[in-house]
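**Student:** In order, the protein sequences belong to chains A and B.
Number 39 in my numbering belongs to position 39 of the first sequence; there are no gaps in the numbering.
Number 120 in my numbering belongs to position 120 of the second sequence; there are no gaps in the numbering.
Be a bit skeptical, because a hint or two may be false.
[Unchecked claim] One-sided and incomplete, this derived list gives chain B residues near chain A with beta-carbon spacing under 8 Å:
hint : residue
1    : I69
2    : P70
3    : I75
4    : A79
5    : I86
Rather than coming from a laboratory, the hints here were simulated on the basis of the structure.
The beta-carbon is built from N, C-alpha and C at its ideal position, and this holds for glycine as well.
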Amino acid sequence: MKKLAAGTAVLAAAAVLTAMPVFAENTTSAKTDLTLYVPNDPVYTITVPETVELSATENTQVPVTASDVKYIPEGKKISVTFEKGNGTFGRLYLTGVNEETGKDYTLTLYIKGTEGEFKMGALENQIKGMELAAFTDNGTMNYELRPANLEFPDSTSDNLKVQKGVHYSASVTYGIELTDIE
Amino acid sequence: MQNQENRKKRQWIILAAVLVILAAAAGLFLTFGTRRENPDGKGIVLEEGAEDWDGEMKDMSEGQTGIKIPGYGEITVPAGETTWKITLANPEENTCYFKYTVTIDDSENPIYESDLIEPGKAVREFDVTEPLEAGDYEIHLNISTYAMDEELTPLNGAVVKAVLHVV
């Protein structure tokens with residue numbers, strides 16, 4: 001038993017001694033850790049209007065600006081789209097109340113983006129995803145809004161004409177992403 | 001005599017009940033009646049983890065006023081980890097609060113929601129509700145904006161989309 005214990009101790013000592021020189025040789029070497037970290041920071045800024053005062057008598061230009069554009073990959077563009085309006089199903093229309101009578105009104109809007117054709121805001125399938133502006137560098141582009149009363153000047157429908165004494169409002173959610181240049 | 005005592009006892013009970021109801025009503029008013037509600041019903045809750053942020057970005061918008069929305073190229077986060085380092089910023093030129101809600105692909109369930117972020121501040125890292133497996137996804141940074149007034153009036157918002165590499 002004693003012989004077995006002594007033999008084990010000798011083997012363990014031998015194992016330690018054979019390993020030691022390897023570590024000993026490294027004690028004088030220097031080490032440099034190389035790291036590369038690219039932070040997930042913004043690479044461009046899009047400015048959209050906080051409020052837009054719409055004209056009841058003509059189309060309204062709405063500016064969208066790209067700035068601080070640091071790096072856009074080749075073949076890509078910054079695309080700003082109509083994501084949704086605050087109407088039902090994401091439709092785009094104005095709502096307002098006549099303060100004197102308490103009656104609610106809506107006013108349908110038309111919207112035109114880079115395709116150059118007005119689409120009706122009540123048809124959400126036609127306007128969702130519509131590109132309003134596109135950029136490959138810093139710059140400003142306008143999209144257009146047009147109240148429905150200009151399309152239907154003779155209409156008697158409440159939703160197609162501007163009611164006096166009603167303060168209309170709406171909001172827009174924009175989609176912003178890098179997409180392929182077609 | 002007995003009737004008079006009973007009547008007095010009833011009056012005391014009614015008085016005590018009225019006092020209890022008044023105290024409860026006062027408590028409810030102090031708790032809920034004076035609170036300003038934010039869209040989540042939590043009052044104005046500013047993001048505690050937000051740091052100062054200038055984004056090393058010069059204002060090149062030539063003075064155009066409006067809401068400045070930060071855009072992203074491709075974003076990379078580690079697979080299987082719940083802490084993501086993505087800068088969720090509200091540029092300092094803005095005059096509104098930002099609230100970020102992060103979703104992946106077509107899911108409507110947010111994996112992260114910030115509190116209100118003031119202009120000039122940013123969340124630099126945050127914890128998501130569940131880690132993702134390695135692969136490519138589309139990340140949606142839904143930005144709700146609110147006027148810095150008593151009512152936290154909602155303003156125009158944005159959904160910033162980017163390719164999310166999980167490695």
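**Student:** Does each hint fit the structure? Answer for all of them.
**Tutor:** Status of each hint after checking the structure:
Interface hint at I69 (chain B): satisfied, since its Cβ lies 5 Å from the closest Cβ of chain A, which is below the 8 Å cut-off. This hint holds: P70 (chain B) has a C-beta 3 Å from the nearest C-beta of chain A, less than the 8 Å allowed. Hint on I75 (chain B) holds. Least Cβ distance to chain A is approximately 5 Å, under the 8 Å limit. The criterion of a C-beta within 8 Å of any C-beta in chain A is not met by A79 (chain B), whose closest approach is roughly 15 Å, and the hint is violated.
Against a cut-off of 8 Å between C-beta atoms, the interface hint on I86 (chain B) holds, since the closest Cβ of chain A lies about 4 Å away.
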